[in-house]
Amino acid sequence: MIDEVYREYVNRIVEYGAKSEKVRIALSRAIKAFENNRRNALSMFPHSIELAKEVRKIKEYSIEHMDELIKKACESIERNHGHCYYAKSKEEALEIFKKLVGSGKLIVKSKSLTSEEIDLRGFLEELGNEVYETDLGEFIVQLMGTRPTHILAPAINVPREDVAKLLSKFMKEHGIITEDLDERDIPKMVETVRKFLRDKFFNADIGINGANALAADTGTMFIIENEGNARLSIGAPPVQIAIVGVEKIVPTIEDAFKVTEVTWRYANYTVPAYVNLISGPSKTGDIEKVITYGAHGPKELHVILLDNGRTRMRDSGYQEALYCLRCGTCLYECPVYAVTAGYFGQQYMGGIGAIWDAFTTVGLEKASPIAYTCVRCGKCKVMCPLNIDIPAMISKLRNDARKEGYVPKIVRDFAKEIEEFAKEVQ
Amino acid sequence: MRILLYGWDTSPRLGVPEICDASVSIIKKMGHEYVPHKSKVICAEAIGFLGYDNLVDPLAKATLKEVEEVVSKEDVDLILTSYAAPYAAWSKERNGFLVQRGYELPVPIEHMATFLYKNLDKLKFKELPMRILLHDGCTLGRKMGVVEEPRKVLAKIPKLEVLNFDHPELYVKERNLKPWDISACPGGWLDFTLPELMPYVASNVIREYALPREVDAVVSTCGNGYHAFKAGVKHGKFPIKAMAYANLVDMALEGVE
Ligand code: SF4
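So the sequence lines, in the order shown, correspond to chains R and Z. Going by the working numbering, 402 is the number at position 402 of the first sequence; the sequence numbering is gapless. Counting from 1 along the second sequence, just add 1000 to a position and that's the residue number in the working numbering.
Just chain Z, with the same shape it has in the complex (with noise of 0.2 Å):
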């Protein structure tokens, strides 16, 4: 398969370039060859949330216009991505936000976790003795509840330990509550907004859920987060490692049978 990566560019913007790298990696060792895209990678949606509702449609267009010639030109099978928003907002089988407003991206949109879910049979993995805490993104599992598909590719890494991000004092069974729903977000988006914050945010967030836990790293399933996590660590000084869902998978990942 030919994949696209889409986030190539917006990773080495955040500071977080190793994303990219894990991707290709993880891609490589299944087998695949990559396409990187370099472009403005916010998501058309995302533009809206920051206050321009008038510039989702133009970004829409010109997103798939671009996509489209990337996508014929390098003969591309399919998009894939380690950020919530774009396939929150493209994914055609979740029927994402742009979905709704009638744009179709001429292949499949996968986000790094369902993508490896979908291969999961053939996925070879060796010995990962580490403790992590698993961040669900604030988009992907909250809003969308793509939350069993991680989980379950990390559930075949042997000897890794995945906790969960939660407070068990919010736990009241008629609630029904679930990590993902109570996991605090280490504020990635401040990036955009007042990236003063940002370090401050994280930094607690992992003070008081990480650090107790006495985990080896924090690791989320969003791009945004991870970032946001990474300045966290640094901020904090904190004797743990803040990773991306792609790189802790790249690290166990073998190959694929």
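Only chain R is shown next, with the shape it has when bound in the complex (with noise of 0.2 Å):
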């Protein structure tokens, strides 16, 4: 079974990403830009360096005390009046979404890796809801029925040629507009698609979003964010739902800023245009001090706490993963990633992807391939900003397949040679 999975996903990885001119220049333009603004946000904002050390001190205490941390959080969010959902598994957080949400609903999204995990819209869609991502990157990808390539920018191996004619297609039949759109400009697409989502945000009967960080002791979650998208499809809708890891939870609101703060500084800006912070329903005291819910914002606020797997992720050694901000500086510093784009993994991607996708998506088994790819070298370490050692949970992942089984051949014959030496020379 390991060489199959193996074969195949030798076969997409090559085919799709290696052999693809189109992901290798697009990465190349991505990866230039990326370490260009980086440089400066941290060259502007030099104490961000030192801030991340504090910050994965406060990672490596948050996920210690994941467990009380899950329950503050929950207390926190139920005394702001909004709702507080613990799910242990996918499947659990996906019933909680079919009786939350229902169906013939019209849905707006933003840009979640977690709800990428438990395959959200897909599932919302077979209810019979319409759902629209709605970060540009998302919506992109939504439209060319692939999955985001990179965890910031999902449609990073799309060049503005493929954009221009997928946008053309679709805001035809949609009758935004009548021409097809120009490969070059840009700003004429980016216009095309905010004109097509602006009904959608204030027609929409539920929101949904992810977070950056979520403050156990007032409850709040941080959405970083530059298109605006979040801020509505959070701020329209009278409904909000939120999904949220178990390892974004940090002790206190003060932690969360910096959390925040270090990931979008790697994530290469010097300040994002939004940091959204959603603490419950909207709300008004304002006629005779009576607090009323509901006002402009939405009336109702669901917070889905997504285990997941996390719980066994930390237990069975690998808690550093669990620190990852996903500021994406490892994809982008990564030599493999750079010609594969995120065939470099299965939800999640490049190294630190191995892992998650082990214990969060996929499995052991399917992850197995993905640890073999990365080559160790070690620059992920080097420029993550919290020093997150990839390489050695990609050896001990690499040791947990063996135990199981799920070695590719390849590798499994050349130890087998080496096994033979040993025995033969002892």
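The reader is advised that the hints may include incorrect statements.
[To be verified] In silico lysine to aspartate or glutamate, EDC-like type, Cα no more than 20 Å apart, as pairs: (1) Lys98/R with Asp119/R; (2) Lys1061/Z with Glu419/R; (3) Lys1234/Z with Glu21/R; (4) Lys403/R with Asp1057/Z; (5) Lys22/R with Glu1196/Z; (6) Lys403/R with Asp315/R; (7) Lys1143/Z with Glu1093/Z; (8) Lys1065/Z with Asp315/R; (9) Lys403/R with Asp413/R; (10) Lys53/R with Asp1181/Z.
Simulated from the structure, these hints should not be mistaken for laboratory data. Here the structure is a predicted model, which means the values were calculated and not measured.
Need the complex rebuilt from these two chains, each delivered in its own frame; the hints are there to steer you.
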């Protein structure tokens, strides 16, 4: 079985990733822009480098005390008149969504890797809902019928020429434009999507979001964004549902500020256009100080805290993977990712993604070929703001895969040769 | 000195026998004798990285036994390698991984770069009018910090221009990053796990880092890295050379004083 999984994976990563000039060119452009922006961001705010060390400590504490922080965060959310749910697995999370959403709804979603992890959009569509990704990159990926290929920039592998073609077809069909979009005119492409989604935001029944951090003491979610789509999907519909991985919970609101600042800085922003802070449903006390819920923003807030393998990840010795801020640095630095994009991974990507995929999405057998794609060069560790030791975890994951019989044949054969040699000499 | 060449078998297996030829040539020019070491030379630490921690000790013991036999039979004084992993694992001076586990080779081990560096005063070089991009092997440079030695040796070669393998965009003074921290790996290890991918990774690294610098060659301090670069140059049909550190030094080395 592992050999079949390996062959299928190799075929995908080589045929669609490595052999594609489009992928290579798009990544080359993006990597250069990213590196340049990050240098500017860090030069302008050099304290981020020291702050990252503090954030590592915050994450170490948070992951160690995850169980008590989940409880505390839930209490805070409920205290703020939100509803909090704990989902042990993907299935439990989807069941909660099913009860809350039902069918026949118009839904706007902002970018969330955690929602990708549980295939949320597909699930809601199957229930008979109309769902729109509102982050531009995610929207492009949705139209293409593929999946994101970078954790920050989901359509990083799609050159502008392809985007123009894709949007022209879709927007003409929906009466937004009459002429094809010019492939050089990126602002026009953006404007067209804005026009299309405008309606959706204000007519949506439900808005769905993820979060970059969640403060346990106040129950406040932090959502970093630039496009303004998250604040519209969070703010305009009457019901807001958030799906947040339990590793995002930190003890205090002060900690959450630090975590998010380091995240956006290493994600190459001096400062993002928006950082949304949400602690509860919208409310007013303007008439005789009587608190009434559902003023201009959502009347209901539901927060689903997702475990889905995270506790197991921590307890199996991969706690460092849970510190990940999803800043994307390691992907931009990875020499393998530079020619393969998201094909180096399943749901998550790159070396760090191999760990996440093993525990939260496809399981160890399918994650094994991803672990064997990592060259363990260690550049990711050096460049990661939290100095996460991805190469060490990759070695551990390979060893765990070996114990379960999930090593690809090419490596198995080599190891057999070594084993025979060792026996022979001894 | 009688020098055991560690990696004798690996180089032809990886399709880079020229590393052996250059190593022999260097040893001879320096007035030493060489002893080839035909063996399974993957290092015991590396088999652990590949997912076989259970083979680390059996392989270390077998390697040690084999080396001890050759050393005593051939009267060897030193073990020399062009590969980073065995040096990183066995070097007593660097408190290598296997040394920490209680293994000790009967004689010292050197990497080609550290060996040349220790003999630097005696080395005589001719002019080598080339512009090269120096790649610090991931294990040797980033992990072990063996970075001054290869550079100091190359600095002694007249007319050789050495560029660092880096991206100026990555430098922010507060981060204190060095070229070896950020040099990109051409993916030599993929040959053991996903060989179809290696030429693509290597050629992209060359395209992004070497071609814009207009160098004559990309030179790696790691034998494994070199074999990936060689595949990358071929794959991309690039008008530059890939070279192992030993090959570059051998081109310039005339002998010892
Ligand atoms: S592992 Fe480190 S560099 Fe990679 S996304 Fe996570 S925090 Fe960023």
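Hints, one by one, checked against the model:
At most 20 Å may separate the alpha-carbon atoms for a hinted pair to count; Lys98/R and Asp119/R meet this at roughly 13 Å. Pair hint Lys1061/Z plus Glu419/R holds up; C-alpha atoms about 12 Å apart against a cutoff of 20 Å. A distance of roughly 17 Å separates the Cα atoms of Lys1234/Z and Glu21/R; the hinted pair therefore holds under the 20 Å criterion. Of the supplied pair hints, the one linking Lys403/R and Asp1057/Z holds, its CA atoms being roughly 17 Å apart against a limit of 20 Å.
The hinted pair formed by Lys22/R and Glu1196/Z meets the criterion: a straight-line CA distance of about 19 Å does not exceed 20 Å. Under the criterion of a C-alpha separation no larger than 20 Å, the hint pairing Lys403/R with Asp315/R is consistent with the structure, at around 17 Å. Restraint check for Lys1143/Z and Glu1093/Z: the C-alpha separation of about 15 Å stays at or below 20 Å, so the hint holds. With a C-alpha separation of about 39 Å, the suggested pairing of Lys1065/Z with Asp315/R is violated against the 20 Å cut-off.
At roughly 16 Å between alpha-carbon atoms, Lys403/R and Asp413/R fall within 20 Å of each other, so this suggested pair holds. For the hint linking Lys53/R to Asp1181/Z, the alpha-carbon distance of about 18 Å falls within 20 Å, and the restraint holds.
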